[in-house]
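Participant: Protein chains in written order, with the UniProt record's numbering: chain C, 1 to 241; chain S, 1 to 241; chain X, 1 to 241; chain D, 1 to 241; chain V, 1 to 241; chain B, 1 to 241.
Read the hints as simulated data drawn from the structure, not as lab findings.
Here a beta-carbon is modelled for each residue, glycine too, at the ideal position from N, C-alpha and C.
One or more of the hints may lead you astray.
[Stated by the list, open to error] Per the computed footprint, the stretches of chain X lying under chain S, defined by three or more beta-carbons under 8 Å from a beta-carbon of chain S, are:
#: 1; segment: 17 to 29
#: 2; segment: 36 to 49
#: 3; segment: 53 to 62
#: 4; segment: 113 to 121
This is what each chain is made of:
Protein chains: 6
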Amino acid sequence: MITRSHNRTNTQIRPVKINRNYIEHADGSVLIEYGHTKVICNASISEKVPPFLKDKNQGWLTAEYGMLPCSTHERIQREAARGKQSGRTMEIQRLIGRSLRAIIDLNMLGERTIQIDCDVIQADGGTRTASITGAFVALHDAVERLLYQQLIETSPILDHVAAVSVGIFQGAAVLDLDYREDSACDTDMNVIMTGNSGIVEIQGTAEGTAFTRNELDQMLDLAESGIQELISIQKSALGTH
Amino acid sequence: MITRSHNRTNTQIRPVKINRNYIEHADGSVLIEYGHTKVICNASISEKVPPFLKDKNQGWLTAEYGMLPCSTHERIQREAARGKQSGRTMEIQRLIGRSLRAIIDLNMLGERTIQIDCDVIQADGGTRTASITGAFVALHDAVERLLYQQLIETSPILDHVAAVSVGIFQGAAVLDLDYREDSACDTDMNVIMTGNSGIVEIQGTAEGTAFTRNELDQMLDLAESGIQELISIQKSALGTH
Amino acid sequence: MITRSHNRTNTQIRPVKINRNYIEHADGSVLIEYGHTKVICNASISEKVPPFLKDKNQGWLTAEYGMLPCSTHERIQREAARGKQSGRTMEIQRLIGRSLRAIIDLNMLGERTIQIDCDVIQADGGTRTASITGAFVALHDAVERLLYQQLIETSPILDHVAAVSVGIFQGAAVLDLDYREDSACDTDMNVIMTGNSGIVEIQGTAEGTAFTRNELDQMLDLAESGIQELISIQKSALGTH
Amino acid sequence: MITRSHNRTNTQIRPVKINRNYIEHADGSVLIEYGHTKVICNASISEKVPPFLKDKNQGWLTAEYGMLPCSTHERIQREAARGKQSGRTMEIQRLIGRSLRAIIDLNMLGERTIQIDCDVIQADGGTRTASITGAFVALHDAVERLLYQQLIETSPILDHVAAVSVGIFQGAAVLDLDYREDSACDTDMNVIMTGNSGIVEIQGTAEGTAFTRNELDQMLDLAESGIQELISIQKSALGTH
Amino acid sequence: MITRSHNRTNTQIRPVKINRNYIEHADGSVLIEYGHTKVICNASISEKVPPFLKDKNQGWLTAEYGMLPCSTHERIQREAARGKQSGRTMEIQRLIGRSLRAIIDLNMLGERTIQIDCDVIQADGGTRTASITGAFVALHDAVERLLYQQLIETSPILDHVAAVSVGIFQGAAVLDLDYREDSACDTDMNVIMTGNSGIVEIQGTAEGTAFTRNELDQMLDLAESGIQELISIQKSALGTH
Amino acid sequence: MITRSHNRTNTQIRPVKINRNYIEHADGSVLIEYGHTKVICNASISEKVPPFLKDKNQGWLTAEYGMLPCSTHERIQREAARGKQSGRTMEIQRLIGRSLRAIIDLNMLGERTIQIDCDVIQADGGTRTASITGAFVALHDAVERLLYQQLIETSPILDHVAAVSVGIFQGAAVLDLDYREDSACDTDMNVIMTGNSGIVEIQGTAEGTAFTRNELDQMLDLAESGIQELISIQKSALGTH
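The shape of chain C in the complex, shown without the other chains (with noise of 0.2 Å):
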C-alpha cells in the first residue's frame, strides 16, 4: 500500500489553509490550498446584468476558471495564446457558476452581477473542488460589501458550499485525492454539497472498470464528512462558528 501525501488515512482531506483578502482590488478575495494546490479566488460586483435577465428583477452569478501555464507538472499552452478556453474549462467553470447559484438567492441580490474567478497558481489535484470552496469565502466577503455599503439590506446567501473529490483507489474509496492518486484510481467523483448536506452536485466517472451502488454510498459517506469538515473551516476563516 501507498501512503498518501501528508500522512493521511483514506478518509482524511489535506491540510487547508483559506487566506482572505489576498488581492485589493476584487470585492472578495480568496488564496486557497488544499495540500499543494492553490487557487486564486475573487469575486467581484458589477452594478449590471447580462441581457437574458434585462428587467426582471433580479441578480447573476457567473464564474470562470483557468490555470497559469506552469501550475502543473508540465507547462501548458496559455489559453489566451491559443485563441480560446479548453472543453475542460469551460466544463469546471460552469460548475462553479451553477455550484455557487444554488446557495444565493437571486433575486434577493438586486440587479447586479457576481463575476467569480478562479486562477490556480499551482496544482495538484483537486483545483475545481478547491475553487468552489474557496470562492464561497470570497463570495461571502464581496456580498459583506454589499451589506457595509447599504446596497442589500439581507444576505441573499443561504447555506454554506463546498466540493471535494472522492475515488475508488485499489478497491477502497478514498477522499480528496491528490493529481497522483487522481490519475491511477478507478473511479473519481466530485461532490459539492451544502451545509445542510443537502447535494448540490455530484459528478462520477468511472475511469477503468465501472463502479457500483455500494462503492458509491461509500464514497458518498466520505464526501459527506469531508465536506463538514471543509464546511468548519470555512466558518473558522470568516469568524462565524
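Given the coordinates of chain C, assemble chains S, X, D, V and B onto it according to the supplied hints.
Facilitator: Chains S, X, D, V and B alone, transformed into the frame defined by chain C:
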C-alpha cells in the same frame, strides 16, 4: 398532477426507436428516437491515432456533438457560423466519448480511431442520453465492419452502455425527462450504466433546492431499470438477444 | 460508356422525394432527396430584421448551409469544431439566400426575417441544388403559417424556384450530376430558374478545358427541362397543381 | 437615359491600364486599372506544394483577394482586424484561383506553387474581373522568371484569360459595369474567357427580376467582345502581339 | 565600409516623396515613399466616437496598419487569412495612433473619429516611421475637409509630427535605416518628434549588445535633424511653407 | 504637492521583494513585488526549439504575459474567454522576451527553449518592469538547474538585466511610477538596462505634451540609479553579491 407525454407513469421511459444503417457513408449509422428527441449517431473509423497515442499500440475513440439550428423550440445560432462550440456542447461531447471508452478495450482496437458524431435533428430533452444509447449501436456496427474485414479478430466491446436522465419533479422521482419536465424539475441527473449495472458516469445537478441521499437513491433505482430496458432495446435492434 | 445511377439517360434527373413537416419546431421543414443526396431544409421566422434594414418597412431572407461530418464519402471536419466555415460553405449559403430572395417580395413580407437552414445529412452530388429546391418548399410552408396566423394577408412568394446541375461529360451534356459524375466531368454548371423559366442564377465552371457557347446552350436546354420537372414535383408535394 | 462614365456606349469597356513590375519583391507584379478601379496583382513562386499534392509531381496555383479599408465609398472594416475573411472575399479569391488554373498546365509547372495576391486599392465596380485580367499578366511575368532561371523549359501557360462584367440595365445589355451601374442594374454577370473564346467561368445573378435566355445571349456577346479587347490590351502590355 | 543605398552618408535620410490625394474615397490620402519603402496612408472621418468616449464631447483618432503579402522580400502570410493580426502589427498601429493623438486636440475635433489606415505596399525598412510621417499629411487633408465643410472652425492640429529610425551600425550612428541596415545593425531606434523638436515617442532596442548613453545622444542628434528635414518635406507637400 | 506612496521622494523606487521558488513545478519561479504590484514570474525549460531555429545549434527564449481579471482596479475581461490577447499584452510580452534575450548567449544555451511566463496577480503600475526584473531571477534559477543537471557546462547568462519606469510629473522627473502617478503624468518611459549600465531598451511616450532632450536626460539619470538598485536587490535575492 400533470400528465406525462406519451401517457407515461413516472417510472416509464419514452418510446424508443433505433434505426440502423441510416446514412450510407459512415461505418456505423443510427437514427435514435427517445419520444420526440431524434439524434443521428454515426461512427467512422480512421486508420490513425492522435499524436499523444503515437506508437503506443492502442486505439482511440472520440466524440463530437451538435444540434441543427432548428432542432430546438427557438432556433439556436449555428455554432459553425458563430465560430466556436459552446461550453454545453463541449461538455456533452466529452461525456459521450468517456462513456463509450468505458466499455471498449482500446488495446484490442489496434492503432485506429473511432470517431463518433451525434447530431441532434429534433430536441425534446435527453439529447445527450439518447446520443450515448444510439452511439453504442453505431459503434457496434462499426466494430462489426472491422471484424468482417478481418482487421481485428475479436470485438473490443466489453459490455453494452446506455444512458437515461432522471429527476425530482414535485417531490417525486421521474424517469426520462422530456424538455418540459427538464425545464420544470428541481433536480436533473444523467446516469450512464453498463449491461452489468456498473455505473460509468453519474451527473446530478440541483436546479432549485439541493437533493438528499434518499432522493438520490430513488433516482438511481429508476435509472437502473430504465437503462436495462434501453439495453434490451439495443439488443433487439442488433438482433443479439 | 458508363451507366448512370438509377439507370438514367443523360437527360433525366434522379428520383426526387420531398418530405414535408419533417422537423416539428421549424416554421417550414422539408427533407428533400435527389437520389442518394439528402438535405434537411428548415425555414424559421423571426419578428425582426437585421440592422441594415431597420425601419425600412421590409423583410429579409437569409440562408445557412452545413454538412454533417459523415455526410460525405470521407468524413469531413466539423466546421463548428474547426472554428470557421469554409469558403465553399459561405459560397453555397450566399447562393441559396440570393436564389430565394429572387422570388419573394421582401416588402410584402413585413419587418420579419425568414432564416433558411439547409443541412446535408447525406451527400452524393448536387447538395446546393437540392437545398434550393427543398428550401423553396420549406419557405412556402413558413409563409403559409404567416398567412394562417393572419400576420400577412397576401403571400409574398412571386413564383417557384428550383435548381439543378448540368455538365459536359465525355463530350455530351448531362443533367443532374451525382458525385461520381461531378468528379469526372469537364464542366459543371448550376442553374437556378423560376417557374416562368426566368434565369435566377447561373454558375458554370470549366473544370478541365473551357466550354463553348454551343455547349452552354445544350446545358441550358437540359437545365430548363430538369427544372420544370422539379417544379412540378414541388407542386405535387404542396398539392398546388 | 444616364450617361455612362468615361462617355462610353453600352458596348464599350472602361479605359484599361496595365502597369507591370509595380512592386519589386514579387515574381510578377501588376497595377491594373479598369477606369477608377485599381488593383495590385502580385504573383509569387514558392518551391513547394500544398500537402494534398505531395509527391504527385505537379504544381499548384492559388489566389487571395483583399480590399484596403478605404478602397470603397464608405470605409469597410479591415478583415485582419475583424479576424476573418467575409464570404464575398472567399468567393472572389476562389474564383480568381479557378480562372487562372484553367489556363495553366499544372504538370508542366513542376512541384511549385504560384501564389496570386489581388489587393484592391480603389474600388469602382469590377474588382474581381480586373483582378483576373491583371493577375494573368502577373502570372505571365512570374512564369517568364522561371523560364529565365531555367527552372522550367516550356511555359505552362496554355492561353490568355481575362474577365469582364456584363449586365442588364433598364432593359439593355451593358458591358463592364462601374459601381453605380452595378448597384442599379437588374442582372449582373461575370464572364471569364480564354483567348480562344472558350468559357472558363460564367456567373450570372438576377438582382431584381429573372433574366431570359435571350438576354443571356446578348450579355455573352458583349462579354466576348469585351474580353477579346482586354486580351489585346494584355498582349500590348506584354509586348507579345 | 558598405555603401549606403541612394549613395547616402550616415547622416542623410533617403529620398522622400509625398503624393497627396492618392485614393479618391478617403478624406485624406497619401502615398509616401522613403526610398523603396512605399506606404498608402488614408484618413477617414466618421461622425461617431467609440463607446468609452460617449457624451464626453471630444473626438478620437485611431490607426490601423497592414502589409500587403508581397510587400516584403519573402511573401508573408495575409493576416486576414490567418485570422489574426501579429503582435508586431498591433504594436505598430498603436504607435501610429499615439503619435498622431499627441499633436491633435481631441476636444477641438468634436464628437467624431478620424481613422488612419497605413498599408505598406512595398517594404524596405522604416515602414512605421514612413507611416507616421505620411499619416500626418493625410490627417491634415482630412481636417482641411472638415474646415471646408465648416464642421469645425479651427484646426485641432497643434503641430507637425514626423518619424525616423536611427541606429548604431559598425560603431557609428546612422540615420533612416533601410531593410539591409536594419537587419545588420546593433541598435535600432524609432524617434517621433514634433515640429517644435518635442519628443513624442522614442523606442530604442539593442539588437546585439546594449548601447551607451553617448550612443543614445548621437542617435537623437541624427533623429532630430532628420525629422526637421521630413517636416520640411511635409510642408512642401502641403504648400504651407 | 502630492505625497508619493510609501513616502518616497521623486528619486526613490518602491519597496521591492523577490520571493524565489514560489511555484513548485516551474524550473525557476519568483513572486516579485514593486510596492503593491505583484507578478509571478516562471521560467520553464523544454528540450526543443521553434521551427525557425531547427538545426541551427542554438537555443531560444520567449515570454508570455497575462493579467488575472481582478488584478486591476476595475476587473478586466479574461483574454482566454475573449479569444485573443490584446495589443498591449502582445507588446509587453515581446518586450520581456527581447530584454532577456539581450543578456543571454543563445548559442551557449544549446537546442532548448526557455519559456518565461509573467502573470500579474495585483497591478499598481510598472507591471512590465517588475516582470522583467523578476523574470531575470527566474531565468537565473532555471539556468542553475541546467548547470546542476550538467546539461550545460557554463552559464549562458552574460549580465543582469532589470527595468524601471520613469516619468515627468508636474514638471519633475520621478522614478518608478505607481498606477496613480502613471495615469496622471505627462511622460512615461520604461528603461531596461544591464548590470553594466548598457541600455537594452528604452520606450518613452509623451502622454500629454512632448518632452525635451533635457527631460529625457533627467529621466535616464533616475532610471540608471533605480536599475542599479534593482540589480543589487536581485543579487541579494540570489545570494551572489
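Participant: For the segment 36 to 49 of chain X, does the count of residues with a C-beta closer than 8 Å to a C-beta of chain S reach 3?
Facilitator: It holds: at least three residues are needed, and the segment 36 to 49 of chain X offers 5 whose Cβ sits within less than 8 Å of chain S.
Participant: Establish whether the coverage given for the segment 17 to 29 of chain X by chain S is satisfied; the threshold is a Cβ-Cβ distance below 8 Å, and no fewer than three residues must meet it.
Facilitator: It holds, with 5 qualifying residues against the three required.
Participant: Using C-beta distances, would you say chain S covers the segment 113 to 121 of chain X, given that this needs three or more residues below 8 Å?
Facilitator: holds (count 4)
Participant: For the segment 53 to 62 of chain X, do three or more residues have a beta carbon lying closer than 8 Å to a beta carbon of chain S?
Facilitator: violated (count 0)
Going through the hint list in order, the structure does not satisfy hint 3, though it satisfies all others.
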